[in-house]
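Got chain P; can you put chain D on it based on the hints?
If you're matching them up, the sequences are chains P and D in order.
Going by numbering that gives the first Met the number 0, the residue at position 142 of the first sequence is 141; the numbering climbs one at a time, nothing skipped.
Going by numbering that gives the first Met the number 0, the residue at position 190 of the second sequence is 189; the numbering climbs one at a time, nothing skipped.
A few of these clues could be false.
[Said to hold, decoys possible] Per label pair, the in silico range of CB-to-CB distance:
| id | chain 1 | residue 1 | chain 2 | residue 2 | range |
| --- | --- | --- | --- | --- | --- |
| 1 | D | Arg263 | P | Ala304 | 15 to 25 Å |
| 2 | D | Arg263 | P | Arg230 | 26 to 36 Å |
| 3 | D | Pro227 | P | Gln272 | 29 to 39 Å |
| 4 | D | Asp84 | P | Gln272 | 28 to 38 Å |
| 5 | D | Pro346 | P | Thr368 | 26 to 36 Å |
| 6 | P | Ala48 | D | Gly384 | 29 to 39 Å |
| 7 | D | Asp84 | P | Gly265 | 43 to 53 Å |
| 8 | D | Asp1 | P | Ser146 | 46 to 56 Å |
[What the hints assert, rightly or not] Result set (SDA-like, lysine to any residue): computed pairs, CA atoms no more than 25 Å apart in a straight line:
| id | chain 1 | residue 1 | chain 2 | residue 2 |
| --- | --- | --- | --- | --- |
| 9 | D | Lys247 | D | Ser34 |
| 10 | D | Lys247 | P | Leu370 |
| 11 | D | Lys302 | P | Phe4 |
| 12 | D | Lys247 | P | Asp1 |
| 13 | D | Lys108 | D | Gly225 |
| 14 | D | Lys302 | P | His276 |
| 15 | D | Lys247 | D | Leu80 |
| 16 | D | Lys302 | P | Glu6 |
| 17 | D | Lys302 | P | Glu252 |
| 18 | D | Lys264 | P | Ala367 |
| 19 | D | Lys247 | P | Leu2 |
No lab work stands behind these hints: they were computed from the structure.
All C-beta atoms in this analysis are idealised placements derived from N, C-alpha and C, irrespective of residue type, glycine included.
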Amino acid sequence: MDLEFNEEQAQAAEAARRFLARECPATLVRRVREGRPAHPDALWAGMGAQGWLALPFAEKYGGFDADWVTLGAVIEELGRACDPTPFIDCVVSCGGLIQDAGSEAQKQRWLPALGRGELLVSLAMLEVATDPDPEQVATRLEAAGSSYRLSGRKLFVERAAGAHLLLVTAREAASGELRLVLVPAQEPGVELVRLQSFAHPHLFEVRLDDVAIDAGQILGEGADAMPHLRRALQCTAALLAAAAAGGSQRVLEMTLAHARERQQFGRPIGSFQAVQHMLADVWTDVETARLAAYEAITELHLGRAADEKVAIARCASSETFVRSCFTAHQIFGGVGFMWEADLHLWTRKAKEIELACGGTVLWRRQLATLL
Amino acid sequence: MDFRFTPEQEQLRQDIRRFLDEHVSAELRAEIATSAHTPGPLARCFLRLLGERGWLGIGWPTEYGGQGRTMLEQMIFYDELDLRDIHYGGLTITSLAMTLMKLASEEQKRTYLPRILRGELEICLGYTEPGAGSDLASLITRAERDRDDYVITGQKVFTTGAHYSSHIWLLARTDPGLPRHKGLSVFIFPLDSPGITVRPLYTMGRIRTNEVFLDHVRVPASAMIGAPNSGFHTVAVALDFERIFMGKYARLRRNFSDLVACCRKLSRNGRTLLEDPVVQDRLVGLHIAIERLRLLCFKSAWKVDRGQVPTAEASAQKVLASELEQRLADEGMKILGPCGQLESGSPHAPMEGRLVDAWLLAPMMRFGGGTNEIQRDIIAQRGLGLPRA
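Bound-form chain P, shown alone (with noise of 0.2 Å):
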């Protein structure tokens, strides 16, 4: 049993704190939740010639073949400082998905590309009055002659105005099987609608109608992509949990400087008891939190059957991240709730993450099944 990085993950993730400290800060995530950019490009690059953006990949791909837990190392710092990137989506679903479903040929065009931060793409999954479930999916793709249709409505896609590529889950007509299709989000027949949510600033429903794909816009080479789906999402959950434990450390540690700065009755709010215990549990949910994340990611990297201990790292870490935003509202009071003050941010991170990729629903059902 070894509870800590080992050294090159530390110093991953010394340096990624180093990095965003500098390049990430609040005033940074909070001008991309208003949209001035959309995108924050040069965080994005810096990102990439940091190599973060092909951490994943294998090196012929560009990529540096980096473990899971380095890997988590770097999304529990983007955590920390509120990212307002794409990264998970970008690199870790989409890209794994590539990764692992697509041909070599698509692997070699898109891969590098992505990992040098040129190319941008979301994860095109959810639907309107579906299940979270990848099962179903009601978006169709039919034959036409030797190429393809793809028609549907995608719900919850992140930041579709500012993608190349939209990797969007379809049923093929003829099979019943799962498809993964690229699609450019500038083609005809792709109408993105601006979803107006307090959580997440950038999401899109994507209206798909008869839009003319090509058979080399199809990941893989004809086989059922739901193995590839279901094991990127279980990628994207255990990662969301880093990056949620991440976040609520650092709501945590801003809590505490509050509560020791933050005098009343001529005393620092934090030696009173009732503070006291609520900054204790918050710091015993944050602690077993990324515990689990963590135990979650190492059973991703033995390559074993992890759906248990994701399920309960993602339920856990997202749980966490809201409880220890409401405790920290609480012990902030008027000065947190302010807009000028940052705690918001994270707040609605917190919300963002849980949601995210259907929501902790979709696992705590899944461990109702393990049961």
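Showing chain D alone in chain P's frame:
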């Protein structure tokens, strides 16, 4: 990072299981089931067997006849015993003996440690008094020097284990002139010393505890642990050893698994309880919480093995475990419906009435061994560095 036990640690678990399979008789199991937390004759016999086989010294350094094993290995051992509710001497082994090694004189070590290791000597804690609970330093039991002896007079309460232990580890005031937590000393002496009266206190949670009256009990000065008036420090050392063993997850995990098994078996309205989504979600919530506790237990033990003191972790373990035990018992009963209230031995009692036992014992788990409020103070002040009020 690696959250797994090593093959050697897994092997140790198998060895312990095999030992227990071989030696825990049906009679002993029956005795445990009805003993209400007081070890019966077979349990005490088994304690001596654990001693004979060297298991009681699993965590003791080899120079004191122990196995010198790591905290993770000890955790495996105690988990396996807990799963079968085996009495292993508790605090005597895991906390007081360790404190003796650290603070006692050579003569005291020679007197007590070998007998503890053989399972012959058990010690109960004489801390709490009617007027001194969480505020232990306000205690008034007096130990007055009289030539080579001390003469102790006072009253202790909630002295759990005093009716089956051979000795008491007692905190008394030796110098009333000093500031209150500076004038205290710890003594160890036999419970059959003249002047001691042990009276039972029966509780709502089946567990029996006691009050102990001390009327001019004469003990030799050599019964004192450490220097005069160093008792508060001695107690703090003992508490540090004790705390890591206070919040454990093995029994919780077992009760949870049994609850799930029950839900799979019992049917209502044409489907099993486990098929009810409301039940499923409650179970999932408990499952996640127990996993959090397990990880925290790993973390504490791992830190000890690295030479660190898991102060906040151990207190958090105690808080999580005790509150989760209550929640598991409470939600479990709700899930099981009216059957949930049935006690062991009754027709239709699920899980041998174990949830009922846990539910009734739960308040004590929360306030005992340092209340959860004190534990949260420790997390906040010693763990997070927040200022004292």
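Verification of the hints:
no.: 1; hint: Arg263(D) to Ala304(P): 15 to 25 Å; verdict: holds (21 Å)
no.: 2; hint: Arg263(D) to Arg230(P): 26 to 36 Å; verdict: holds (29 Å)
no.: 3; hint: Pro227(D) to Gln272(P): 29 to 39 Å; verdict: holds (33 Å)
no.: 4; hint: Asp84(D) to Gln272(P): 28 to 38 Å; verdict: holds (35 Å)
no.: 5; hint: Pro346(D) to Thr368(P): 26 to 36 Å; verdict: holds (33 Å)
no.: 6; hint: Ala48(P) to Gly384(D): 29 to 39 Å; verdict: holds (37 Å)
no.: 7; hint: Asp84(D) to Gly265(P): 43 to 53 Å; verdict: holds (51 Å)
no.: 8; hint: Asp1(D) to Ser146(P): 46 to 56 Å; verdict: holds (49 Å)
no.: 9; hint: Lys247(D) to Ser34(D); verdict: holds (21 Å)
no.: 10; hint: Lys247(D) to Leu370(P); verdict: holds (21 Å)
no.: 11; hint: Lys302(D) to Phe4(P); verdict: holds (14 Å)
no.: 12; hint: Lys247(D) to Asp1(P); verdict: holds (20 Å)
no.: 13; hint: Lys108(D) to Gly225(D); verdict: holds (12 Å)
no.: 14; hint: Lys302(D) to His276(P); verdict: holds (23 Å)
no.: 15; hint: Lys247(D) to Leu80(D); verdict: holds (12 Å)
no.: 16; hint: Lys302(D) to Glu6(P); verdict: holds (18 Å)
no.: 17; hint: Lys302(D) to Glu252(P); verdict: holds (22 Å)
no.: 18; hint: Lys264(D) to Ala367(P); verdict: holds (16 Å)
no.: 19; hint: Lys247(D) to Leu2(P); verdict: holds (19 Å)
Of the numbered hints listed earlier, not one is contradicted by the structure.
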